[in-house]
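Undergrad: Each chain is listed here by its residues.
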Amino acid sequence: MSSQNTGVSGKGDGVADEELLRMTGIVKEFPGVRALDGVDLDVRRGEVHCLLGQNGAGKSTLIRVLTGAHQPDQGSIVVNGNEVALNSPTAAIDLGIAAIYQELDLVPDLTVAENVFLGHEPARFGLTRRHEVNTRARELLKGLGHGEIPVGRTVGLLPAAGQQVVSMARALSRDAQLIVMDEPSAVLDSEEVGNLFRVIRDLTARGVAVIYISHRLEEIREIGDRVTVLKDGATVATGLDARQTPTSELIRLMTGRSIEYVFPPRATLPGDAQTVLEVTGLSRPREFEDIGFEVRAGEIVGFAGLVGSGRSEVLETVYGARKAATGEVRVDGVTLRPGRVQAAVKAGVGLAPEERKSQALLLDEAVYKNITVSTMQRFASGGFLNGHAEKKAAEELTKALDVRPPGVEHPVRNLSGGNQQKVVLARWLLRDCRVLLLDEPTRGVDVGARSEIYALIRKLAANGVAIVLVSSEVEEVLGLADRVVVMREGRAVHTGPAHEIDEHRVLDLVMEGSAV
Amino acid sequence: MMSEEVARPETATASGDKVQDAVPTTASTQSTTRQPGAPRNGGGALSILRTGMGRNVGLVVALVLLCIVGVITAGDTFATSANVLTILRLAAVVGVVSIGMTFVITGGGIDLSVGAMLALASVWATTLATQQMAADYGVIFMVSTALLVGAACGLVNGLLVAYGKVVPFIATLAMLAGARGLAEIISDRKTQIITVNPFLDFFGGSFLGVPVLVWMFVIVAALGWVLLNRTTFGRRTFAVGGNAEAARLAGIKVQRHTVALYVLAGLCCGIAAVMLMARTTTGSSTHGQLYELDAIAAVVIGGTLLSGGRGTIVGTVFGVLIFTTLNNVFTLNNLSISAQSVAKGLIIVIAVLLQQRLAARATTP
Amino acid sequence: MMSEEVARPETATASGDKVQDAVPTTASTQSTTRQPGAPRNGGGALSILRTGMGRNVGLVVALVLLCIVGVITAGDTFATSANVLTILRLAAVVGVVSIGMTFVITGGGIDLSVGAMLALASVWATTLATQQMAADYGVIFMVSTALLVGAACGLVNGLLVAYGKVVPFIATLAMLAGARGLAEIISDRKTQIITVNPFLDFFGGSFLGVPVLVWMFVIVAALGWVLLNRTTFGRRTFAVGGNAEAARLAGIKVQRHTVALYVLAGLCCGIAAVMLMARTTTGSSTHGQLYELDAIAAVVIGGTLLSGGRGTIVGTVFGVLIFTTLNNVFTLNNLSISAQSVAKGLIIVIAVLLQQRLAARATTP
Amino acid sequence: ACTSNTPEAEKTSDTGATQAVAGGKNDEPGKKVKIGFSAPAADHGWMGAITKATQAEAKKFSDVELVVAEGTNDVNLQISQVETFINQKVDAIVLLPFDGAALTAVATKAMDAGIIVVNVDREFGSTFAARTTVLGDNKGMGVSAGTYICQELKGKTDAVVAEIAGIDSLPLTQARSQGFKEALADCGLKVSNRVPAEFTVESGEKAAANLLQAAPKIDAIWNHDDDQGVGVLAAIKNSGRKEFFMVGGAGSANVMRDIKAGNTVMRATVIYPSTQGADGVRLARLLVQKKSLGDLVEVEVPRTVQLYAPVVTKDNVDQYLPTAFES
Ligand SMILES: Nc1ncnc2c1ncn2[C@@H]1O[C@H](COP(=O)(O)OP(=O)(O)OP(=O)(O)O)[C@@H](O)[C@H]1O
Ligand SMILES: Nc1ncnc2c1ncn2[C@@H]1O[C@H](COP(=O)(O)OP(=O)(O)OP(=O)(O)O)[C@@H](O)[C@H]1O
Ligand SMILES: [Mg+2]
Ligand SMILES: [Mg+2]
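Chains as they are written, first to last, in my numbering: chain A, 1 to 516; chain B, 1 to 365; chain C, 1 to 365; chain D, 1 to 327.
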């Protein structure tokens, strides 16, 4: 991706190093958790200030304090030299602080345009000016490189990436002097990320400051100016140069240890490994067409492609969550009844879906219940659950995945985004699947936990599980998978062993013909 | 369909198609009103009409079927203009209540106290004192008393829900008990007869051959439609009901808006009280019994999502009309009363199933 | 409410998002029972007790306050064991219905037909034919008729909701009309007197000084608690109510489970019908009027989330007891019904506010 | 005295075979009469019995077509039912209004349209709203019950008298209680405990259970309605209390059988005929066919027919049992 973005040129030059925001000694306590424990942050005009930290370090909480969504227990916030009290989102908005939240905060039943202008609809005498709303929304989306998103479409119908774009448009629709972006790239692919960076550069060139949060360190290098690192709710380093500070140093600051951010070595697949999952001629009109692949026991097949290329749909169809129009899915030679999740589950197929909040998590339930929900039978005799056994099993996994805060009885709702993702993953790790379908398993997961997850996936494969992996990070697909399927606009344009293909080739395949 | 949607035809159709497949395999219990492929709130009057019809096609069909049954079984009486006006007059009171209810439900709440608020407003507006004032200074006194009482009760509901954080069901249940009790205390459980003739003459009269009550319903429904679909207030109602946290983060004053919604519902009950007062020439603590169920049923059958975030005034009007026509057809046909009850249950289910299947079909290309 | 289970991640996101509003600082209107920091349904008997008490501390306080009022105002009569048994006997019937309702609501649904199902079950179980059978072959005939009728009605509800995809509110509203009408037809609107003495003797009797009816309530509540909190069935209920799409993708048979929940509610109505039959020595189509409101109110005041995913049997039991004790105290004090009504409204609000504040405090360290 | 009822009041409602004796010539078929009937929701036994008796009565006449509207407690709906009858051009409307005052306007409209309106049980606010009114004697019921209790308690001035009322918001309940209170006052007694129920078995049981707790010792109970009385008796049986006697209301067959058997606390009941609707149908038919009331010299059907509220005790129960309603 870096090949496309030639310059760091527009950034920083000419804009004064004027201080825009200073947060000092911010403390925020939730019942039982001290999420922020004295955070300091200062942001200058026109800079991209990166916020780094492990899952649960307190980044999102800090952002929510800054946007008036949470009230801090202690600490001061100074904007433009004046101390301010941000006691409601409106107060923050009035000060020119806009945000793209980690969890998409859109209203599903309103249209794209209405969402963009939610709260400040152009109106005359209370009557919305629909034409103006639509035109301006279209302009904003075009500016983001997404003129194709229909502004009259109900937002709930857009895919996650589309929704993320709408969130961005909403942030831009306000005349903000500071825009906070909480993991905006998590649901975006490389092309989209390039687009995003272009927008960010435009903004900073106009003197707007951006706080950028991401777990992808290479993005920090590319777009960031200065870095603040949070650990356990406190600032451990601030004002680091985004381009000069060595990666190992950043990781050490974040995690307190040094981690080899590499993929574990690939085990060689025994030649006689039997084929577990066989997919032939799978189609769903206008989503994907004629997809066929097979996965052997112990093999990892990775799917690469742009957002919207239909990878998630393929996984969901294999799992029976969507009904195939044509084609067959066979597990161990037995054909699954299309459109039946039950059939897939019985055959030993598991799916860790893409949308953790809506498709996977029971937000109000305890962590351990979320982990064991697909394996309940194992902990039950005669229908009665053995809570101790459940918790023990869940504890082992959460420890292995470094879920924070530790303990399996918190409601999942209170976990940070990345930690929620780990819980979803833990559910399927607990289950002895024949086939495991993983859709974006590391979305929002921090560096440390990422390598744990890679190792776990590998271990599962080594134990004979057939794994299908979808990821928007090409290097992840290449690094983990034995074989790679590249998808573009609902078709498999390439299938082959992972070692025969490199990142550039994948990107070329992915982009071909789809360049805007 | 809408101009905005032309930009990316594949996507538009893609999602439409998905729905079709999704329906049979899902376990959804709220899918009655979900037609993801349906274009919403498109530009231009024509497309509004068309999409409106598309979404409500099942309701239209149900209503038409009912009418056909009415014509066949009760021939000459059913299709007379007098009978149509009878149906509309009956629909008017519950109709106005239901419009208010549509707002509350769309905004993510529920109001069980509508019938009780109506009763209290009717009683308060017909006390001797108020009637004396009205006789002396004009009908406006009675009308505004009713509206104020309704709005005030709504305000209490709204404050309890928005600031007291009492779940809407419980807050309005308490209001139900409280308002009805208060109405009984004020009226001493006696039916209060209205003696202010200008009041009865005006609201009991007709304009252009159509009863004033029906006009009132039409006006409230029209205003409600504009408010819900064409104003920032309406947009915010969807936002608050669809995702309250997102609305809050977008700078909408969710609590204040919630209060406004309940006040609106109370106001509608006040209007309905005036209408019922005119119709019955009385105010009574027994007015409006079980209107909460009738109104919620009409709203939900019309396609408003009980969990909030999606609401339709047109659907609500159809819902009300279906129920009242049903009653009319039953009265005309001498069905045994118990059988009527059973038939009603069946017809409700059939109407919903129709609406579901037809709406899904109408909105899929 | 069960979110749409359409196999489309986008829509699902939308509804999933909604759940998010419950973070402590939000303006959520459903926050009564949310105590984000509190460990829930923790393991070990001790922690159960502790969290149980913590969560219900407001309810306990409300109940105790009511009792204090009872003792002060009606001194000697209130605190007698006979009166306590009266309260418990009164609570028993609605109590059993509310236990079933707790399951349905926790699973994301609602059941408006409980009263009607109860009436139908009571009527069916007291027809001459059934009573003859019972007299000849044993009481079990009457009992099982009631249970079967209840369960069958529940089955119809469940099928309509899960497979017919009719919104629960409407499906069970239809059942309300249908079942009550059918009960009227079967009984010809007569009160059917039970002449089978063994039935009356057994269910009207006492065991260890406690009426059999109260035992039945205790047993149903205990079984309900175990079922909800200690079995896979209960766990699935929470999952289905909390996030139906997630439950489906986790491999839970959501539709089948939904059906089971409604059958369970119907079964509880059957049991309640037997209890009411014993209490009133009759079966009648007028039994169980407005039980749906009473039961939902008890369940919601107890802390079960009306939108599903969170439910508590202990809270429901407290909810039922509060309402029954309230009634008892009012009657002992010879209060006028209107004043009762107003007081009831006030007390409901106070109880909820108490519960909210105290529960929040009790669970924050 | 009790036989001096209007003949119609003695019609049995459930045995269609029994033919009227008194009607004589009047019962012969005449001009076809279409009658609309509307009543409140049959949410309790007496109201159910009203509708049943009315329908049964109409069936006896080959010249009567009865159109029955769904029972409702919503005056708005009931008004519209009457409007529908007007649209249907029925000859007469027999109307038991949920609230007499609220239906006055529409009844007047029907009269104006030339339709004969017969008002039943709950009175309209205007004399122009109905041609004839058939009334039970609600206040009289209370008076009869109170007088009977006074007699039985024979000057026991400290006696505890309890009252289990019906639906408290209905004027008829208030009238009954008023009559009861006045009659008791005449002999120096008062109502010590009063609980309302809802005319249903279940509510009667509930109310009585609470009442029995509130009053540890009772001498007499008047219960407004015999259908709810089934529940009251169940509660009394449950409590094992026997120190008092009970007077019923409305006069259901069940209760009369109890009185006859004499093995419960049920000692008497005050009749409130459930045949009022049936009487209304008969009168409406006569009015439309322009016939006069049998045993009266007067050519026109009277303006008001008020039914008598006799007390039924063990001594005279046999006389009333055949006409009592099965609730
Ligand atoms: N509403 C809440 N109640 C209780 N604890 C909370 C709540 N919100 C956040 N927390 C806790 O606060 C801590 C910080 O969470 P936060 O979401 O800020 O992390 P983050 O740095 O954004 O992590 P991620 O990279 O995974 O998004 C976590 O331990 C989390 O569990
Ligand atoms: N920006 C967009 N606007 C509108 N529709 C889109 C957009 N992106 C994708 N779509 C449509 O959404 C559907 C599938 O998108 P989805 O994101 O689920 O695919 P995916 O390959 O699984 O992507 P992901 O990388 O998120 O897993 C496609 O039919 C596509 O046409
Ligand atoms: Mg975060
Ligand atoms: Mg995807």
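Be careful, since some hints might not be right.
As the list claims (entries may be wrong) - Keeping only pairs whose Cα atoms sit at most 16 angstroms apart, straight-line, the calculated EDC-like set for lysine to aspartate or glutamate is: (1) 253/B / 500/A; (2) 190/B / 123/D; (3) 190/B / 168/D; (4) 217/D / 136/C; (5) 89/D / 76/B.
Unchecked claim - Here are a few chain C residues that sit away from chain A, every Cβ distance over 10 angstroms (derived from the structure): (6) 65; (7) 75; (8) 133; (9) 147; (10) 188; (11) 201; (12) 205; (13) 226; (14) 233; (15) 238; (16) 243; (17) 245; (18) 252; (19) 339; (20) 346; (21) 358.
Unchecked claim - Here are the computed distance ranges between Cβ atoms for each label pair: (22) 334/C / 241/D: 35 to 45 angstroms; (23) 68/B / 142/A: 43 to 53 angstroms; (24) 389/A / 357/C: 29 to 39 angstroms; (25) 138/C / 326/A: 22 to 32 angstroms; (26) 142/A / 69/B: 52 to 62 angstroms; (27) 69/B / 148/C: 32 to 42 angstroms; (28) 69/B / 32/D: 18 to 28 angstroms; (29) 128/C / 263/D: 17 to 27 angstroms; (30) 195/B / 112/D: 52 to 62 angstroms; (31) 182/D / 155/B: 51 to 61 angstroms.
Treat the hints as calculated values from the structure; they're not laboratory data.
Nothing here was measured: the structure is a model prediction, and the numbers come from that model.
For each residue, glycine too, the CB sits at the ideal point set by N, CA and C.
Undergrad: Next, verify each hint and record whether it holds.
TA: Hints, verified against the model:
1. The hinted pair formed by residue 253/B and residue 500/A fails the criterion: a straight-line CA distance of about 57 angstroms is larger than 16 angstroms.
2. Distance hint between residue 190/B and residue 123/D is fulfilled; the C-alpha atoms sit about 13 angstroms from each other, no more than 16 angstroms.
3. As the CA atoms of residue 190/B and residue 168/D are separated by approximately 11 angstroms, the hinted pair is consistent with the 16 angstroms bound.
4. For a cut-off of 16 angstroms, the pair hint linking residue 217/D to residue 136/C is broken: about 40 angstroms separates their Cα positions.
5. Simply put, residue 89/D and residue 76/B have alpha-carbon atoms about 11 angstroms apart, close enough for the 16 angstroms limit, and the pair holds.
6. Consistency note on residue 65/C: stated as away from chain A, and its beta-carbon is indeed over 10 angstroms from all of that chain's, at 26 angstroms minimum.
7. The Cβ of residue 75/C lies farther than 10 angstroms from every Cβ of chain A, with a closest approach of about 42 angstroms, so its non-interface assignment holds.
8. The non-interface label for residue 133/C is consistent with chain A: the shortest C-beta to C-beta separation is roughly 33 angstroms, beyond 10 angstroms.
9. Residue placement check: residue 147/C keeps its beta carbon more than 10 angstroms from all beta carbons of chain A (closest about 20 angstroms).
10. Distance to chain A confirms residue 188/C as a non-interface residue, since its nearest Cβ pair spans about 43 angstroms, more than 10 angstroms.
11. The claim that residue 201/C is not at the interface with chain A holds, since no C-beta of that chain comes within 10 angstroms of its own (minimum 35 angstroms).
12. Every CB of chain A lies more than 10 angstroms from the CB of residue 205/C, the least distance being 32 angstroms, so the non-interface label holds.
13. Listed as a non-interface residue, residue 226/C fails to keep its Cβ farther than 10 angstroms from every Cβ of chain A; the least gap is roughly 8 angstroms.
14. Distance check for residue 233/C against chain A: the nearest CB is about 6 angstroms away, which does not clear 10 angstroms, and the non-interface claim fails.
15. The non-interface label for residue 238/C is inconsistent with chain A: the shortest C-beta to C-beta separation is roughly 6 angstroms, within 10 angstroms.
16. Under the 10 angstroms C-beta cut-off, the non-interface status given to residue 243/C relative to chain A is violated; the minimum distance is some 5 angstroms.
17. With a least beta-carbon separation of about 6 angstroms from chain A, residue 245/C fails to lie farther than 10 angstroms from that chain, contradicting its non-interface assignment.
18. A Cβ of chain A approaches the Cβ of residue 252/C within 10 angstroms, the least distance being about 7 angstroms, so the stated non-interface status is violated.
19. With a minimum CB-CB distance of about 40 angstroms to chain A, residue 339/C clears the 10 angstroms threshold, and the non-interface call stands.
20. Here residue 346/C stays apart from chain A, with its beta-carbon at least about 30 angstroms from theirs, past the 10 angstroms limit.
21. Listed as a non-interface residue, residue 358/C keeps its Cβ farther than 10 angstroms from every Cβ of chain A; the least gap is roughly 15 angstroms.
22. A hinted range of 35 to 45 angstroms is violated for the C-beta pair residue 334/C and residue 241/D, which are about 19 angstroms apart.
23. Remark: the range hint 43 to 53 angstroms for residue 68/B to residue 142/A is upheld by a beta-carbon distance near 51 angstroms.
24. The given range of 29 to 39 angstroms is respected by residue 389/A and residue 357/C, whose C-beta atoms sit roughly 37 angstroms from each other.
25. Taking the beta carbon of each, residue 138/C and residue 326/A are about 59 angstroms apart, not inside 22 to 32 angstroms as hinted.
26. Taken as a hint, the range 52 to 62 angstroms holds for the pair residue 142/A and residue 69/B, whose Cβ atoms sit roughly 53 angstroms apart.
27. Between residue 69/B and residue 148/C the CB atoms are about 34 angstroms apart, so this pair conforms to the stated range of 32 to 42 angstroms.
28. Against the hinted window of 18 to 28 angstroms, the Cβ-Cβ separation of residue 69/B and residue 32/D comes to about 25 angstroms, which satisfies the hint.
29. For residue 128/C and residue 263/D, the Cβ-Cβ distance of about 23 angstroms falls inside the hinted range of 17 to 27 angstroms, so the restraint holds.
30. Taking the beta carbon of each, residue 195/B and residue 112/D are about 20 angstroms apart, not inside 52 to 62 angstroms as hinted.
31. In this structure, residue 182/D and residue 155/B break the distance hint of 51 to 61 angstroms, their C-beta atoms being roughly 43 angstroms apart.
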